[in-house]
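Asker: Following the hints, put chains H and X in place on chain B, whose structure we already have.
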Amino acid sequence: MDRWGIGIALLAGVWLYTAGWARARQRADGSLATRKRLLAYVTATAVIAIALMSAIDTFQSRLFSIHMLQHMLLVYLAAPLLLLSRPATFWRQGLPAGLRTWPTGVREWRAAEVLSHLARPAVALGLSTVILWLWHIPTAYDLALENDVVHALEHLTFFGAFLLYWWPLIGSPSRLTTNAARTVYLAGGGAQSGFLGGIITFSPRVLYTHYLNAPRTGGLSALADQQLAGVVMWFPGVLIYGLAAALTMTGE
Amino acid sequence: MIDPKLVFGVLVALGLVWTGVWGWILVGSQQKAPDTEVGPKAAALRRRLFYLFLPLAVVIFVASMIWLPYPAARAGIVGQPQLSVNVTAQQWSWTLGQTEVPSRVPVEFVVTARDVNHSLSLYNPQGQLVAQVQAMPGYTNRLIHVFDQPGTYTIRCLEFCGIAHHDMVARLTVK
Amino acid sequence: MTARISQPANGAVLRLALVYMATGFVVFLLMGLLGLLMRLDHGGILVLSADWFYRIMTLHGSGMVAASLLAAMGGLAAVLGQTLRLSTRWLATAFVVYFLGAGFVIIATLLGGFGGGWTALHQLPFKGFTWGLWAALAMLVGYLFVAVGFLIYCWLVLYTTVKRYGGLHRVLAWRYLVSGGRQGADSLPGPSEIAASVVAIVGTVAVLAGAAYLVPLFGEAAGLVGSLDALVAKNLLFLFGHTLVNLNIYLAAGLVYATLPLYTGREWKTTWPVTLALNLVLLLVLLPYFHHLYQDFVQALPLHILGQIGSYGVALPAFLVTIFGGLSMIYRSGFRWSVPSILMVAGLWGWTFGGLGALLDSTIGINQVMHNTLWVPAHFHTYYLLGALAFAWAYLYHLLGELSGASESRLGSLAAWLYGIGGAGFILTFFVSGAASVPRRYAVHIPEWQVYAQASVPFVLVLMLGIGWLAVAMLGRFAQAWQKAGA
Chain B
1 MDRWGIGIAL LAGVWLYTAG WARARQRADG SLATRKRLLA YVTATAVIAI
51 ALMSAIDTFQ SRLFSIHMLQ HMLLVYLAAP LLLLSRPATF WRQGLPAGLR
101 TWPTGVREWR AAEVLSHLAR PAVALGLSTV ILWLWHIPTA YDLALENDVV
151 HALEHLTFFG AFLLYWWPLI GSPSRLTTNA ARTVYLAGGG AQSGFLGGII
201 TFSPRVLYTH YLNAPRTGGL SALADQQLAG VVMWFPGVLI YGLAAALTMT
251 GE
Chain H
1 MIDPKLVFGV LVALGLVWTG VWGWILVGSQ QKAPDTEVGP KAAALRRRLF
51 YLFLPLAVVI FVASMIWLPY PAARAGIVGQ PQLSVNVTAQ QWSWTLGQTE
101 VPSRVPVEFV VTARDVNHSL SLYNPQGQLV AQVQAMPGYT NRLIHVFDQP
151 GTYTIRCLEF CGIAHHDMVA RLTVK
Chain X
1 MTARISQPAN GAVLRLALVY MATGFVVFLL MGLLGLLMRL DHGGILVLSA
51 DWFYRIMTLH GSGMVAASLL AAMGGLAAVL GQTLRLSTRW LATAFVVYFL
101 GAGFVIIATL LGGFGGGWTA LHQLPFKGFT WGLWAALAML VGYLFVAVGF
151 LIYCWLVLYT TVKRYGGLHR VLAWRYLVSG GRQGADSLPG PSEIAASVVA
201 IVGTVAVLAG AAYLVPLFGE AAGLVGSLDA LVAKNLLFLF GHTLVNLNIY
251 LAAGLVYATL PLYTGREWKT TWPVTLALNL VLLLVLLPYF HHLYQDFVQA
301 LPLHILGQIG SYGVALPAFL VTIFGGLSMI YRSGFRWSVP SILMVAGLWG
351 WTFGGLGALL DSTIGINQVM HNTLWVPAHF HTYYLLGALA FAWAYLYHLL
401 GELSGASESR LGSLAAWLYG IGGAGFILTF FVSGAASVPR RYAVHIPEWQ
451 VYAQASVPFV LVLMLGIGWL AVAMLGRFAQ AWQKAGA
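Keeping their order, the protein sequence lines are chains B, H and X. Each residue of the first sequence is one higher than the last, beginning at 1 in our numbering. Each residue of the second sequence is one higher than the last, beginning at 1 in our numbering. Each residue of the third sequence is one higher than the last, beginning at 1 in our numbering.
Bound-form chain B, shown alone:
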């Protein structure tokens, strides 16, 4: 992946967001522009940068466990943090005056409607699960590892899928309004991702030929590396769902 391109895009994003955030803060209704949101955005950016531009990116093609770590950072840290920071609101505010009202009309209205359907909890959970599992099918996963364009698509759709998953929970307006609903949503999400992680951990043979043929790194056999990758997805992943419960449940 083109690190320069990513770096520039991230920087532009931070610039835009911060400008919009500052502008919003000065206004009478600047209550949205909290320090927490700014921190969330900056942290999300940093996490993406680390995931896609650091040594993690260098080694992800050699070690499945590192590749998994990369994905985990994107979907379990960056995505929810980004959602919390309400980027769309502040990006728009950060644009030059003339462009601020630019995307109007039928197109935006349609997009909002589609997004609204997608953000329904059942749809979000179902769709994000399907996307997650489809990409882990050996043919698909191997293809992404061999082809940069497909790999970019993979990361974008993973990221998008989990933006979708976290949306009903922490996006605004929040679609999960009762603790009972959040319970079922998080239990379901955690169960399916844990299950996939478990399958990878306990698979008796190497699933992805790319890693079978990759040069041995860190003294790990391909199978041991795969087990580690499964564990990286499984253990911390499930922990995140548990933490999300503690953090998103409200006092009813």
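Don't read these hints as lab results, they were simulated from the structure. Here the structure is a predicted model, which means the values were calculated and not measured. Using N, Cα and C, we set each Cβ at its ideal position, and we do this for glycine too. Please note that the accuracy of each hint is not assured.
Okay, the calculated beta carbon distance ranges per label pair [stated by the list, open to error]:
| id | chain 1 | residue 1 | chain 2 | residue 2 | range |
| --- | --- | --- | --- | --- | --- |
| 1 | X | VAL472 | H | ASN86 | 56 to 66 Å |
| 2 | H | LYS41 | X | LEU168 | 47 to 57 Å |
| 3 | B | LEU143 | X | SER407 | 58 to 68 Å |
| 4 | X | LEU133 | H | SER93 | 46 to 56 Å |
| 5 | B | THR250 | X | PHE478 | 44 to 54 Å |
| 6 | B | ARG205 | X | LEU168 | 52 to 62 Å |
| 7 | X | GLY166 | B | THR250 | 18 to 28 Å |
| 8 | X | LEU133 | H | LEU56 | 47 to 57 Å |
| 9 | H | LEU56 | B | THR250 | 31 to 41 Å |
| 10 | H | VAL59 | X | LYS269 | 41 to 51 Å |
| 11 | B | LEU247 | X | SER407 | 36 to 46 Å |
| 12 | B | PRO204 | X | LEU283 | 17 to 27 Å |
| 13 | B | ALA152 | H | SER93 | 56 to 66 Å |
Cross-link-like lysine-lysine pairs, in silico, DSBU-like; alpha carbons within 35 Å at most [to be verified]:
| id | chain 1 | residue 1 | chain 2 | residue 2 |
| --- | --- | --- | --- | --- |
| 14 | X | LYS269 | H | LYS41 |
| 15 | X | LYS484 | B | LYS36 |
| 16 | X | LYS484 | H | LYS32 |
| 17 | X | LYS269 | H | LYS32 |
| 18 | X | LYS269 | X | LYS484 |
| 19 | X | LYS269 | X | LYS127 |
Answerer: Same frame as chain B, but now just chains H and X:
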């Protein structure tokens, strides 16, 4: 020393008494009497039962001490062991110091394990469990037992130890 | 005339309680099928490989324990929610953490091959040979999550009751107790509230023991510390495990305190005997765990004795107050027969019968010839099936019926009796097996033993018939009950 079938008999006897009481309550539940009538009678009965059960429990408790299997207690009843048999348990086999022991004298089993917890259990020729002791890694347990009946005894592992736990069998000849 | 539930203060609590109980029930059904497989294997009817038997055995044990506890936790939350302001935030969080922990266990056994028994006694998790290190670690992590989930629940209960009554001493009614009932009678907590608080306190201790067991094991796996001492490991594990399963029936008793009155038309008040009994339980219930170590002769003798004292001792308050109290409440009450009341009555029978078996086995001399035979599963299957679970399903059925407004049916009562009879026959075959010295945790039964398992199968089928009908009935009421709960 204790016959499991006798224990079962006690359970059945007590169980029948209990079931009778329980059934009697259920039958008696169909009629109606005010709580002001039943309550005090129940409280009085409860008090009586307490003064019955508590001393009974103490008596049974103290009496049961005669059956303590621990080496000091057991030796106190049957006498010091005349023979010592080393037993080492491991996944999934037994190593016995000897496979033949005399009957009617106290025999001591010195038991340990190499890897995980196992349990030395002695089954008499009729297939009844007569004694057991845990085999623990890093520890030695001593079991004193008097074989009152000669024949071929079966040693089974009685503490779950993995996939061949049920196959961990050995034979002991009691002369 | 249907028995009425007092209007819950919080519909959100009710809904979460339904999530808890429904999940518990579904897992119970699935684990029950695994149990049937085990009995069929024992009977030589459907022979499994040893590997699969032990994996199923491990999952059945841990799954049933988890499901049963979860159902009782949920039910009691609904009961407490009637009189206390319970925070659903933490009730929900506890569920998610607990549920995900259970997931670890399922995956570790079914996919990872872990077959080290639900007790996962050190060092077996690391010396299984048929499963890898990650399977063992997944199992232990799962236990950690479940323990944390349970701990959150315990602290939620304790926080709520202490806040409401102004101090732990008030929750446990110590002034009332010590003064022989003469003082402090005005603001007494209800029996369910006291029972829940007792469980919460003891539960915290149990979880701490569990943590003290699990953390060194993780350290050992990471190569940071040496192997945990075998005797210490056993003590910590059984303090954690035994206490956890024992607490289940006290949680479920809390359900009986709240529900039996509705079928007898009498109140279960906090009286002096109730207060004494629950405080005695608090004092005694940590002691019985030593009875798991009677055959570890190297353990200090006083601890063995303490185990027998505790095991005998805790039976007194349980029988003389809860069971006796239930029976005297039923006597001459014009008792209304329906599914919940039949199940509760079956539970009172089972708790006592299982208790008799337990008292016998907790006598050290008898334990010598019964420990690790099927006598042990006999007594705890009785405590569960015809005890804690009977109480839990009684409450669930009652709650669903209340909320959905469904009417009682004769067929339902028959199903409940089938549950009781099938259950009783089933556990009796276990006791018979124990008397015949059949070992527990054996994947293969020799021909002489197979007949006992074969004899259990008809009873299991009767049990399944009863459970099946109840399951269908409850499923039919669920949607409406869910709706009404939120209203």
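Asker: Next, verify each hint and record whether it holds.
Answerer: Hint check:
no., hint, result
1, X/VAL472 / H/ASN86: 56 to 66 Å, "59 Å, holds"
2, H/LYS41 / X/LEU168: 47 to 57 Å, "35 Å, violated"
3, B/LEU143 / X/SER407: 58 to 68 Å, "59 Å, holds"
4, X/LEU133 / H/SER93: 46 to 56 Å, "24 Å, violated"
5, B/THR250 / X/PHE478: 44 to 54 Å, "25 Å, violated"
6, B/ARG205 / X/LEU168: 52 to 62 Å, "56 Å, holds"
7, X/GLY166 / B/THR250: 18 to 28 Å, "27 Å, holds"
8, X/LEU133 / H/LEU56: 47 to 57 Å, "51 Å, holds"
9, H/LEU56 / B/THR250: 31 to 41 Å, "55 Å, violated"
10, H/VAL59 / X/LYS269: 41 to 51 Å, "34 Å, violated"
11, B/LEU247 / X/SER407: 36 to 46 Å, "43 Å, holds"
12, B/PRO204 / X/LEU283: 17 to 27 Å, "51 Å, violated"
13, B/ALA152 / H/SER93: 56 to 66 Å, "58 Å, holds"
14, X/LYS269 / H/LYS41, "17 Å, holds"
15, X/LYS484 / B/LYS36, "39 Å, violated"
16, X/LYS484 / H/LYS32, "34 Å, holds"
17, X/LYS269 / H/LYS32, "20 Å, holds"
18, X/LYS269 / X/LYS484, "29 Å, holds"
19, X/LYS269 / X/LYS127, "52 Å, violated"
Checked against the numbered hints above, the structure breaks hints 2, 4, 5, 9, 10, 12, 15, 19 and satisfies the rest.
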